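There are 2 protein chains.
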Amino acid sequence: MEAKCKRLGRIEKRLGKVKIVYEEVDMGLRIGIVGATGAVGLEAIKLLEKSKIVISELRLFASLRSVGKKIGFQGEELTVQQLEDGAFRGLDFVFFSAGSSISAFYAPKAKESGAVVIDNSSFFRMKPEVPLVVPEINSEDLKAHQGIVANPNCTTALLSVALWPIHKAATVQRVIVSTYQAASGAGAKAMLELETQVRHFVQGKPITAEVFPEQIAFNVFSHDSPIADNGYNGEENKVMQELRKIFHLPCLNVCATCIRVPVFRAHCESVVVETERKITAEETRRILSVSPGIEVIDDPKNGDFPTPIKASGRKEVLVGRIREDLSHPRAVAFFLSGDQLLKGAAWNAIQILEALIH
Amino acid sequence: MEAKCKRLGRIEKRLGKVKIVYEEVDMGLRIGIVGATGAVGLEAIKLLEKSKIVISELRLFASLRSVGKKIGFQGEELTVQQLEDGAFRGLDFVFFSAGSSISAFYAPKAKESGAVVIDNSSFFRMKPEVPLVVPEINSEDLKAHQGIVANPNCTTALLSVALWPIHKAATVQRVIVSTYQAASGAGAKAMLELETQVRHFVQGKPITAEVFPEQIAFNVFSHDSPIADNGYNGEENKVMQELRKIFHLPCLNVCATCIRVPVFRAHCESVVVETERKITAEETRRILSVSPGIEVIDDPKNGDFPTPIKASGRKEVLVGRIREDLSHPRAVAFFLSGDQLLKGAAWNAIQILEALIH
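Going down the list, the protein sequences come from chains A and B. The letter at position 87 of the first sequence is residue 87 when you use UniProt numbering, and the numbering goes up by one with no holes. The letter at position 350 of the second sequence is residue 350 when you use UniProt numbering, and the numbering goes up by one with no holes.
Please keep in mind that the hints were generated in silico from the structure rather than gathered at the bench. As the structure is a computational prediction, the values presented were derived from the model and not from experiment. Honestly, I wouldn't trust all of these hints.
Below, simulated BS3-like cross-link-like pairs (lysine-lysine); rule was C-alpha separation at most 27 Å, straight line [said to hold, decoys possible]:
no., chain 1, residue 1, chain 2, residue 2
1, A, Lys-205, B, Lys-189
2, B, Lys-168, B, Lys-46
3, A, Lys-310, B, Lys-69
4, B, Lys-127, B, Lys-111
5, B, Lys-205, A, Lys-205
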């Protein structure tokens, strides 16, 4: 952060008070986005444009076939650049959202050049020296960062926001979650594949699957990440492991089943939580309704509950169908929906950036 | 069944052996279908056409706007009739699949006229004197029928087939299920609504919801049945109550979350089962693979697992993703898919008919 302090201008001390004098040209942050033309990258750019963070430079990187593309930002046309030597020079923060291999190779370079990396890939998440942060829960962990901060898996991020207030109130002992995951989790290409398959269906053309291993239109399938030796797929293991790290509960019992559904961009999760102390549905609803990052939508009379359509474009995790699990003496069940591209990715990353600045 | 016995001809007793002499014209059953033009009714007709059951008369009933429609059956064109006095005269069996109010009013009339009713509605399911039957599990219960047999809720039927072998092997103590339910569960109109919404999406027209309370295309929502005082919707309470009745386990712990997804005709269910005795994934897989009504599709190497597309048109319940629940010392998790219109409705009803005949 030394580079940034220099640009923020001189510090005047008078009568024991500190006055920081900003010089106009130096006020903003210099931010890079790797994977700028992807689904998450584009959302990050939109969020930065609307945020109160003052940015003096936004440098966009993408793969070769997107180099030269123009993306509008705060009235300017920014040109997508190639990742090459010196690409990160002078940047304060770099977001990575271009897959694990790109993060593995380039994030250390961004760190070496003096930037703080906020990485959306899974590459650094479980490394002990890298904080894995959902700002509503463990922004304290940011203090120990060593130049790289990891953004959690989308499903984990959404779940963690809803679980944390319950954990604080009644101590979570076991979590059973089944997901309804949108195409966006597999990127812009996957969203386009859903649209293309549906067009072909309407036009009476044969439907082919290229991005996903199965037809996504009018179908539901086990998440397309490889199955590990423990019988769980990559996505499920991420949810189980990352939740433990974010909550600082290395022994938390979690059973996840991750399923893809033909939805464009918001995930849903059906959750059962066993707690140490009995917590009623009413208490759970009350706690969640005053917790950060959550909107409770739970109106049985009007059948108003979370859906991916309601969650799309929203930063909050929507929670509803809150009820006691009648099959256990101390458990509650609920259903959540959250925008995979926002709280599940870009918005959580921007929140990490805000927490790092303040 | 008296009427049927008469038509089956005379019984000759010789030297202590019974010889039943059939007369050709009387060999078949006389079957009625109420709700013949609905999604389930049409499947029942197709299944009867392909079955080995000899039918001498198939009488089709539907609501007024479908009266007069022609439906092909074994080379004949059958005309859809109106439900009126004497409609059931001479019938041996009548299937009902036209909603609870029709069953409530007309099923007793069919019974009075001497037919055995196989009812697909929820109206009689929980009545103590009415067997609720999944033939793979409790066809013994048919012996006590008093003229009406209930076919279970589709989600329950699919789940019960997969759970029963695990229960027999290790005693099920608790079931946690989250569903991915197709439009077909709400009838042919709902399937058409999904198709229409997708067409409008492709054509850039506004999407409106009429059958469902929410947009079904590219969306996921809490099952559209009313929420009861216990916080569970009608579908969830059906799963929980009916499973107990079919299994003869009035205290079985079940927690269901029923969710609608944009799929045409097969349901999926993500299931966690706690058992009295520890059962491994391997043992579960072995038991399920030799159990009736089940096909295990569980190939992690090739990512081959149950999907609604694979299950559509299949009589079996497809089961996969079988693994130990790492969050509990004695629990397994799995994912199933089954055709809502077949094992979830029409096929189970035909199986009940077959069990009643034999």
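Hints and how they fare:
Pair hint Lys-205(A) plus Lys-189(B) holds up; C-alpha atoms about 24 Å apart against a cutoff of 27 Å. With a CA separation close to 33 Å, the supplied pair Lys-168(B) and Lys-46(B) exceeds the 27 Å bound. Taking the CA atoms of Lys-310(A) and Lys-69(B), the gap is near 41 Å; set against the 27 Å cutoff, the hint is violated. Of the supplied pair hints, the one linking Lys-127(B) and Lys-111(B) holds, its CA atoms being roughly 16 Å apart against a limit of 27 Å.
Distance check on the hinted pair: Lys-205(B) and Lys-205(A) sit about 21 Å apart at the alpha-carbon level, within 27 Å; holds.
Comparing the model with each numbered hint stated earlier shows that hints 2 and 3 do not hold.
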